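Going by the numbering used here, the sequence shown opens with residue 2, and the numbers climb by one from there.
These are calculated hints, taken from the structure and not from any lab test.
Incorrect hints may have been included.
List time: in silico DSBU-like cross-link candidates among lysine-lysine, alpha-carbon distance up to 30 Å [to be verified]: (1) Lys172 to Lys261; (2) Lys423 to Lys59; (3) Lys59 to Lys316; (4) Lys57 to Lys189; (5) Lys431 to Lys483; (6) Lys423 to Lys57; (7) Lys529 to Lys483; (8) Lys431 to Lys497; (9) Lys423 to Lys266; (10) Lys266 to Lys230.
Only a predicted model underlies this, so the values are computations on that prediction, with no experimental measurement involved.
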Amino acid sequence: MKRLTLFIIIISGLALSSCKKDFLNRVPLDQIVDETFWTTENQLVLAANGLYANIKNKNTVDMDQIGDNTYNSSTTDYRNIAAGRYGIDVNTINNEWGSMYSAIRECNVFLANYNRATTVSEARREELAAEARVIRAYTYAYLTLFYGDVPLITTPITIEEAYGPRDPAEKIQDFILNELQEASEHLKAELPAADKSDLGRIRKGAALGLKARYALYFGRYDVAEKAAKDVMDLGVYQLYNTGNPDNTYNNFFTWAGKMKNGNNKETIIARLNLINESVHNLSREIQVPDQSSRFNPTKSLVDAYLCSDGLPIDKSPLYKETSYNDVFQNRDPRMKQTVLAPGAQWGGRYDGKPGNTNPDIFTTPKFLSDRRGCVTVTGYYFTKYVELSAVGKVGQDENDIHVLRYGEILLTYAEARFEQGKLTQDDLDKTVNLLRGRVGMHPMILTELAANDMDLRTEIRRERRVELVLEGQRYFDIKRWKQGSLLAEPIKGMKKSWAMVQADVSNLRADAQGYIIVDDDRSFTDPKNYLWPVPMIQRDRNPNLGQNPGWE
């Protein structure tokens, strides 16, 4: 969708102008103004385009820094939030609130004005309005997941609404799910062709897919099951597959998997990025060749991957860890396509050997920060979402950011069925085992799980974790599963004894088993930390907002 995200300034301007009165009661002839704008289809499309900038871009991936999959080498608000080291005055806490309500204001202005385009067919008007409603629901979902109760505002804001109290989270949830269902009824099911100008626009599957996600988040499993099945029954989405199980998963998250290439029918919602239009720096941040990686896989994530026989590392006879290389052997194939394994190509420009014989091939982790190779704090690196050609350049990564994809829908259906006591082997074969099958992983078989004393809920959740790492889901999963104590556990890395240059790790702390301790100053207070505080700045402006439990 060409230049879809470049019109936010226009719609923002309209949002502001809609709240003002024209002193001379005259319409300017040399600029876009509210009085004359909402009349043609092109104007409605232009306004709708601006709303797409409110869908998170690389920040979707950054959200994983709040969980336990990855650790940022730099001190950031996300890292501190994950560790419980934050208060009501943290910038991110306020910025998320402010940016979300700014997005809602823009959507509300569109929805208050789109029917003024009387020369545009009703069906077309409602289709564009449905896009706005999906984006508004997506925005409200973040708000209630972060803060719980929040003000529900559905019209261009008034003074009374600006200083009103918060609405209950359950009311916000009802609104989100209803909006997404109603919006889906006005959206096309079929996907646009890769060469069409509307590539990336919200379709029926996006509305229903978000409904499935949020119903699962809200614990409404029957609703989640139905919405996920509705997406599956559309028949327009399928798992991305190169035909090579050794690279198909990783390939999806590189430039090869971009929607514009025409071979990706898995992505449902994405932020499309094009050189010279909208780019980010994700590949470089992951394998930056002269600094410390901003995304360091944790021991917790590495240990989560099953062995290739379908058993966890503490049960499988295939697992051993006498060396760094051992950790990557006989594991779920998605592990090597997510966490960089020795022998793989990379952009970190360090091979750990005297003479630096082939720095394009990864052999061993680097801990010494000397601007000659990518440094890790855990001993691990990611390869997922890395486009090698973009690692050596600043701000030149045009990877699509996959906000919602069909793989998640399959996992949602499986979990929703399980939580209702309805999951069957046939369900697994239509969902989890399709994901495993594309990488050649041993299938999930109910009788095998029982025979090996493996808990089905644990395995369903494990599957979600390893499939969706770096996709911004882990923090919200931890919260909805009421597993906040995981965020209080120390962040650890590999064993110090695996380092090629022992002097480089001699000053690093380790636990009794020799695993690197990266951060053990972490806490999680239940129930306080299940919600963010209402930002101090917002409470200063509107004391009626109150505060969440445990926050002052």
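### Query
Between Lys266 and Lys230, does the CA-CA distance stay at or below 30 Å?
OK: Lys266 and Lys230 at ~17 Å, within 30 Å.
#### Entry: Hint consistency between Lys431 and Lys483 [alpha-carbon to alpha-carbon, up to 30 Å]
The hint holds at about 28 Å.
### Query
Is Lys423 within 30 Å of Lys266, Cα to Cα?
Holds. Lys423 to Lys266 sits at ~28 Å (cutoff 30 Å).
### Query
CA of Lys423 to CA of Lys57, is that 30 Å or under?
With Cα atoms ~34 Å apart, Lys423 and Lys57 exceed 30 Å; violated.
### Query
When you check the alpha-carbon spacing of Lys431 and Lys497, does it fall within 30 Å?
Not OK: Lys431 and Lys497 at ~42 Å, beyond 30 Å, violated.
### Message
Need the status of pair Lys57, Lys189: alpha-carbon distance at most 30 Å?
### Response
Given pair Lys57, Lys189 holds - Cα atoms ~23 Å apart, limit 30 Å.
### Query
Is the Cα-Cα distance between Lys172 and Lys261 30 Å or less?
violated (38 Å)
### Query
If you draw a straight line from the CA of Lys423 to the CA of Lys59, is it 30 Å or shorter?
Violated: Lys423 and Lys59 sit about 36 Å apart, past 30 Å.
### Task
Sort out whether Lys316 lies within 30 Å of Lys59, counting only the CA atoms.
violated (37 Å)
### Message
Would the hint linking Lys529 and Lys483 be met if the CA-CA limit is 30 Å?
### Response
Status holds; Cα separation ~12 Å.
Violated hints for the displayed structure, listed by number in ascending order: 1, 2, 3, 6, 8.
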